[in-house]
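Enquirer: Take a look at the letters that make up each chain.
Number of protein chains: 4
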Amino acid sequence: MSGIEDLKKLVIDFRDARDWKQFHNPKDCAISLLLEAAEVLEHFQWKSKEEIDEYLKDHRDDIGEELADVLYWVLLISNDLNIDISEALEKKIEKNNKKYPVDKSKGSHAKYTEL
Amino acid sequence: MSGIEDLKKLVIDFRDARDWKQFHNPKDCAISLLLEAAEVLEHFQWKSKEEIDEYLKDHRDDIGEELADVLYWVLLISNDLNIDISEALEKKIEKNNKKYPVDKSKGSHAKYTEL
Amino acid sequence: MSGIEDLKKLVIDFRDARDWKQFHNPKDCAISLLLEAAEVLEHFQWKSKEEIDEYLKDHRDDIGEELADVLYWVLLISNDLNIDISEALEKKIEKNNKKYPVDKSKGSHAKYTEL
Amino acid sequence: MSGIEDLKKLVIDFRDARDWKQFHNPKDCAISLLLEAAEVLEHFQWKSKEEIDEYLKDHRDDIGEELADVLYWVLLISNDLNIDISEALEKKIEKNNKKYPVDKSKGSHAKYTEL
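Chains as they are written, first to last, in our numbering: chain A, 762 to 876; chain B, 762 to 876; chain C, 762 to 876; chain D, 762 to 876.
Treat the hints with care, since some could be wrong.
A short list of chain D residues far from chain A (calculated; beta carbon distances all over 12 Å) [unchecked claim]: (1) 798; (2) 821; (3) 851; (4) 867.
Straight-line alpha carbon distances no greater than 30 Å define the calculated DSSO-like cross-link-like pairs of lysine-lysine that follow [what the hints assert, rightly or not]: (5) B:867 / B:852; (6) B:860 / A:770; (7) C:788 / A:782; (8) B:859 / A:818; (9) D:818 / C:818; (10) D:810 / C:808; (11) C:788 / D:782; (12) C:808 / D:852; (13) C:856 / D:788; (14) A:770 / A:782; (15) B:860 / A:818; (16) A:872 / A:770; (17) B:770 / A:769; (18) B:856 / C:872; (19) B:872 / B:860; (20) D:770 / D:856; (21) D:810 / B:818; (22) A:808 / B:818; (23) D:818 / B:810; (24) C:769 / D:859; (25) A:818 / B:770; (26) D:818 / C:769; (27) A:852 / B:818; (28) A:788 / B:852; (29) D:872 / A:852; (30) C:808 / D:782; (31) A:810 / B:770; (32) D:770 / D:782; (33) A:860 / B:782.
Hints in this document: simulated from the structure, not taken from any laboratory.
Cβ coordinates follow ideal geometry from the N, Cα and C atoms, glycine included.
From just these sequences and the hints, can you work out the full model?
Expert: Structure follows, in structure tokens:
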């Protein structure tokens with residue numbers, strides 16, 4: 762089982778061995794994050810639910826690779842901006858726990874403003 | 762220090778308590794991933810490097826929250842598609858280690874096809 | 762019937778009356794283009810084909826407004842980069858006419874590399 | 762000078778000659794719109810203002826082609842959803858004229874909520 766910190770170290774060691782921090786301003790890194798997310802989405806475009814199920818059989822690793830690229834940038838940006846991403850996720854889930862109380866939101870697709 | 766599996770459990774428990782899996786087809790989840798990445802990017806738009814440094818002083822938590830939203834979808838999609846995201850990231854870094862050898866790519870911004 | 766040049770003039774006059782050209786570097790404008798495209802997509806997320814048909818009855822104008830925002834940035838970027846967007850579209854259609862010959866691509870969803 | 766309707770006809774004739782309307786549901790078309798916008802953005806990533814100026818000398822046509830792809834989807838989606846895109850843009854500019862009065866917004870980068 763990997764820790765977030767271990768994975769972040771992997772990413773930052775890879776980057777720093779190449780002396781690439783000089784290129785990594787937040788705006789361009791956030792563009793990378795978005796472009797990698799777009800590549801994830803591209804796998805599912807023009808496909809019905811059934812076609813996606815079929816597609817997954819042979820392309821799980823490809824999609825995993827794109828998701829890994831997204832995670833790469835999440836970890837790198839978090840590192841560079843001094844954000845504790847585990848804590849940020851825990852806080853966000855806590856916040857959403859209040860925003861979407863189980864009894865009101867169970868099985869419902871409504872936005873929290875409509876609950 | 763959090764493990765990826767702990768965070769994934771947080772995300773999936775939050776989702777399953779609300780019985781929301783029924784809405785979570787891969788295409789719409791990947792759209793969420795992208796929309797959250799867009800919200801990260803939005804924080805840096807129209808700002809120079811100096812303005813971003815200034816902005817970070819008061820908005821670190823807001824950006825952390827958006828990055829957490831991206832991570833939320835990375836973990837949820839990985840879970841639903843049976844992708845081991847830690848392993849996928851480790852493999853991707855290994856692949857990039859070969860694609861971008863340190864001696865050729867150090868300090869260089871060239872794409873691997875141009876190395 | 763509006764000409765592209767008339768619409769472009771509308772956009773540029775709106776911008777220049779406010780002296781906003783100073784903010785409009787290509788990178789940030791392209792981010793706007795993308796963020797507006799994301800807002801179009803958001804209208805269709807989490808909806809089945811039937812739900813989209815239903816949704817359209819009351820939200821055609823909202824979607825039109827988001828598409829207009831995308832067009833705004835297409836026209837503004839074209840203007841600032843000295844790109845003749847009508848000519849660019851005509852050329853692109855011509856190129857695609859060769860890439861996707863009617864007899865091979867009719868009714869087929871294959872990428873041109875697979876035709 | 763091209764009219765919007767002429768360009769839309771070009772796009773729809775290209776599509777219909779290939780019998781591709783059957784694939785063009787709004788959600789997947791909006792994904793295309795977004796993916797093409799991402800390709801525009803990619804041209805400017807990792808470049809400073811000066812590097813972009815330099816880059817433009819040799820890549821104006823490439824960027825024009827990507828912008829044309831975005832316009833292609835704006836016109837196609839407008840057509841399929843019965844949206845008069847010229848009218849939508851005119852209305853949006855009118856709306857923004859009220860939202861951003863010239864005397865208050867001139868030379869200012871503030872959001873309309875802060876004017």
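Enquirer: Mind checking the alpha carbons of residue 856 of chain C and residue 788 of chain D for me, to see if they're no more than 30 Å apart?
Expert: Judged against 30 Å, a Cα distance of about 26 Å means the pair holds.
Enquirer: Has the given pair, residue 788 of chain C with residue 782 of chain A, been kept, meaning a C-alpha gap of at most 30 Å?
Expert: Satisfied, since the Cα-Cα distance of roughly 20 Å is no more than 30 Å.
Enquirer: Sort out whether residue 782 of chain D lies within 30 Å of residue 788 of chain C, counting only the CA atoms.
Expert: Answer violated: residue 788 of chain C to residue 782 of chain D is near 33 Å, above 30 Å.
Enquirer: Check the hint pairing residue 852 of chain A with residue 818 of chain B against an upper bound of 30 Å on the C-alpha distance.
Expert: Roughly 19 Å between the alpha carbons, so the hint for residue 852 of chain A and residue 818 of chain B holds.
Enquirer: Assess, step by step, whether the Cα of residue 769 of chain C is no farther than 30 Å from the Cα of residue 859 of chain D, and give holds or violated.
Expert: The hint holds at about 19 Å.
Enquirer: Tell me if the straight-line CA distance from residue 818 of chain D to residue 810 of chain B falls inside 30 Å.
Expert: 25 Å, holds
Enquirer: Is the hinted pair residue 856 of chain B and residue 872 of chain C satisfied, with a Cα-Cα distance of at most 30 Å?
Expert: With a Cα-Cα distance of about 27 Å, the restraint between residue 856 of chain B and residue 872 of chain C holds, given a limit of 30 Å.
Enquirer: Beyond 12 Å on every Cβ pair: is that true for residue 851 of chain D relative to chain A?
Expert: At about 30 Å from chain A, residue 851 of chain D clears the 12 Å cut-off, so the statement holds.
Enquirer: Would you mind confirming whether the straight-line C-alpha gap from residue 860 of chain B to residue 770 of chain A stays at or under 30 Å?
Expert: Holds, because 19 Å separates the two Cα atoms, which is no more than 30 Å.
Enquirer: Taking 30 Å as the top limit, are the C-alpha atoms of residue 788 of chain A and residue 852 of chain B close enough?
Expert: Within the cut-off at roughly 26 Å; holds.
Enquirer: For residue 867 of chain D, is the shortest beta carbon distance to chain A beyond 12 Å?
Expert: With a cut-off of 12 Å, residue 867 of chain D remains clear of chain A, as the shortest Cβ separation is near 26 Å.
Enquirer: So is residue 821 of chain D really clear of chain A, every C-beta pair being over 12 Å apart?
Expert: 21 Å, holds
Consistency note: the structure conflicts with the earlier hints numbered 1, 9, 10, 11, 16 and 22.
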